[in-house]
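**Student:** Here is how the chains run, residue by residue.
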Amino acid sequence: MSTVVFARHQVTATERFRDAGWVAFVALILGIPLIGLTTVDGGGALEVETRFGVLAIFVVVSFVGRLGLRWLIDTMGARKLERLRDDSNKSAGISPVKVVNILGWIALGASIALPIMYSDNRYVVDTATTVLIYVMLGWGLNVVVGLAGLLDLGYVAFYAVGAYSYALLSTQYGWGFWEALPVSGGLAATFGILLGYPILRLRGDYLAIVTLGFGEIIRIILVNWTEFSNGPNGISSIPRPSLFGLDFTRSPAEGEQTFASFFGIEYSPMHRLIFLYYLILVLALLTHAFVSRLRKLPIGRAWEALREDEIACQAMGMNTTNIKLSAFAIGAMLGGFAGMFFAARQGFISPESFTFTESAIILAIVVLGGMGSQMGVVLAATLLVLIPEFGRNFSEYRMLLFGAAMVLIMVWKPSGLLSHREPTLRLSRGGAAINDAVKEAAQ
Amino acid sequence: MMLTMEGVHAHYGHIHALHGIDVEVQVGEIVTLIGANGAGKSTLMMSLFGRPQASAGRIVFDGEDITHLSTHDIARRGIALVPEGRRIFPRMTVLENLQIGAAQADPANYEADIARVYSMFPILQERLSQRAGTLSGGEQQMLAIGRALMSRPKLLLLDEPSLGLAPIYIRRIFQIVRELNQDHGMTILLVEQNANQALKVAHRAYVLQHGEITLSGTGAELLASPEVRAAYLEGGGHA
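Chain order of the listed sequences is A and B. So for the first sequence, numbering that gives the first Met the number 0 puts the first residue at 0; every next one is plus one. So for the second sequence, numbering that gives the first Met the number 0 puts the first residue at 0; every next one is plus one.
Treat the hints with care, as some may be off.
[As the list claims (entries may be wrong)] Once the Cα atoms are required to be at most 20 Å apart in a straight line, the calculated SDA-like pairs of lysine to any residue come out as:
id : chain 1 : residue 1 : chain 2 : residue 2
1  : A       : 79        : A       : 68
2  : A       : 295       : B       : 129
3  : B       : 153       : B       : 22
4  : B       : 153       : B       : 129
5  : A       : 412       : A       : 402
6  : A       : 97        : A       : 295
7  : B       : 153       : B       : 111
8  : A       : 295       : B       : 89
9  : A       : 295       : B       : 105
10 : A       : 97        : B       : 130
11 : A       : 295       : B       : 104
12 : A       : 295       : B       : 153
13 : A       : 97        : A       : 292
14 : A       : 295       : B       : 106
15 : A       : 295       : B       : 130
16 : A       : 295       : B       : 110
17 : A       : 97        : B       : 129
18 : A       : 295       : B       : 177
19 : A       : 295       : A       : 423
Hint data in this document are derived by calculation from the structure and do not stem from the laboratory.
Chain A with its partners taken away, still in its complex shape:
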């Protein structure tokens, strides 16, 4: 380790200018037809007009922009090298695991305090709820993509299955939120296994294509099977969840009490929003506890081993079929729970909420966060929901800002915001392995 060389080619000014010159040249070639020439309506016939002034501005902007970008990337790279040099000299300091843990507790505290501090701000509580839905989805997909290493581009299908299960069970059969919860999760898990079976032999790109197709199939069925799902019109007036039978309505139904009347407080529509917020917070935390626990059990290690090397897994006597199916099923179930909450919160769902863009955003959360990192998902979900929100002031440039932020994160941290992998086994001072599962199994 001591012989790592941190050499780096020093870029000269001429090289920078040549590089920017090339970009400007390409911009010029592309710009002539795209910007330089335009057609105007000249009294019945189209006339070609030239706009060389605009073209010149475009070329100059490309030139300067490229210079700036190059400079930025180079200085960032140099800084990173410097840090590496420092690290190899003194490895002491706070470990990244500790920092992440502290961050986690701060985030938990903040998320519990948030609705209390903003109890009259509908917008903040609503946005925070959305963040938490994505956190939960990210944690669910993390099982499939981050731990088991199976690239799933159709995750939104399970979100849709969960949402529609609850919507149909409640509006058609009068089921409550809590009764429908296990059924929706179970249905989503079943769909996970259904998707898992035909693609057991696929990996990487091929797997991605099939899962992408699966996501679309579910959405298209929901659009076209009108008798079943009410088609593109969606399902409305989905009942809201209650707190142990206490509804969040203004006036109680006969013989029943509402949340406000039971506690003898004045009715406020914020009560329900805050309740929904805490509900998704609890669901998300349960998901986190569940996934973290699984990761430390043999099944979790099997998922990670599968991600690392499938052939070696089989040679260790692992049944890779079961490992893959369990990853798909558990990932799908968690997505189903999130979907169910989504339906209950919105009160209205339609196939439009379950497009490929959603799958892409959830996958982006997992990848930007750092594959397999639970805290990374929280960070990425917060960023990906908040950036478009802050971008509202920029109206149509909103998505441009969103895209630029994603590009910047990937340039700055190519393996995700928090790419540190925490081992599932720790060593005690004596050197013996500490692992609950091993101890339990040995007893």
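Given the structure of chain A, go ahead and fit chain B onto it with the hints provided.
**Tutor:** Below, chain B alone, put in the same frame as chain A:
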């Protein structure tokens, strides 16, 4: 008899890779397979493991026909593989790698098995919480062997364990093979390109050419055989 392969044929798609192989391994033996690149050594070993499954013939392990079992079922019968190229789990720690090796074994044996691995490979004990991908090639090979031992196999398959290692590690690996056999009574099937060293440790050996067994005998016999010397030992640069 620990392992018997009778008239085993194997195909990769349309390519006929093994043409009627007969191989036997007895309890407590080191048997080695030598042969040039592409002779079918690794195919033979992998077809034992059902990848690809034998298209004809019979494979019997410990009295049970395993010809048509799936890979993981074969592994659970007590065969452990140290695959070519090591194939450790690089992003997981050394300890996690060992733990996965023991995943299908009886948990009651865990302490004893890991103690055996530590005593054979003290370097692994020093690196338990290090990511396996950061180990050197020789250390990774030891981890791959240690991981295989964690399942308490009856038969250990080693596929080119000396490939790409520094000479000092190559010597160490062959030393380990001998120790495993003599001190722990492990039955070993070894595939090697390093014919000289492999024949020296082996009780018996087979020479594989174009998917067929062309010669067999004790290690010493083959070491002395003029054909083997000409084809695999002299001028090949193996020492």
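**Student:** Holds or violated: residue 295 (chain A) with residue 89 (chain B), Cα cutoff 20 Å?
**Tutor:** Answer holds: residue 295 (chain A) to residue 89 (chain B) is near 18 Å, not above 20 Å.
**Student:** When you check the alpha-carbon spacing of residue 153 (chain B) and residue 22 (chain B), does it fall within 20 Å?
**Tutor:** Distance of about 17 Å is within 20 Å: holds.
**Student:** Does residue 295 (chain A) pair with residue 177 (chain B) here, judged by a C-alpha cut-off of 20 Å?
**Tutor:** violated, 36 Å
**Student:** Just to be careful, I want the Cα atoms of residue 97 (chain A) and residue 292 (chain A) compared with a cutoff of 20 Å; is the pair within it?
**Tutor:** Holds, at about 19 Å.
**Student:** Taken at face value, is the distance from the CA of residue 402 (chain A) to the CA of residue 412 (chain A) at most 20 Å?
**Tutor:** holds, 15 Å
**Student:** Take a quick look at whether residue 97 (chain A) and residue 129 (chain B) sit within 20 Å of each other, Cα to Cα.
**Tutor:** Given that 20 Å is the threshold and the Cα spacing comes to 18 Å, the pair holds.
**Student:** Is it true that the CA of residue 295 (chain A) sits at most 20 Å from the CA of residue 105 (chain B)?
**Tutor:** Cα-Cα ~19 Å, so holds.
**Student:** Does residue 295 (chain A) pair with residue 104 (chain B) here, judged by a C-alpha cut-off of 20 Å?
**Tutor:** The given pair, whose Cα atoms are some 18 Å apart, holds under the 20 Å limit.
**Student:** Is it true that the CA of residue 153 (chain B) sits at most 20 Å from the CA of residue 129 (chain B)?
**Tutor:** violated, 29 Å
**Student:** Does the structure keep residue 79 (chain A) and residue 68 (chain A) at a Cα separation of 20 Å or less?
**Tutor:** Given that 20 Å is the threshold and the Cα spacing comes to 17 Å, the pair holds.
**Student:** If you draw a straight line from the CA of residue 295 (chain A) to the CA of residue 130 (chain B), is it 20 Å or shorter?
**Tutor:** holds, 17 Å
**Student:** Hinted pair, alpha-carbon criterion (20 Å max): residue 153 (chain B), residue 111 (chain B). Please report holds or violated.
**Tutor:** holds, 16 Å
The structure fails hints 4, 12 and 18 (numbered hints given earlier, in ascending order).
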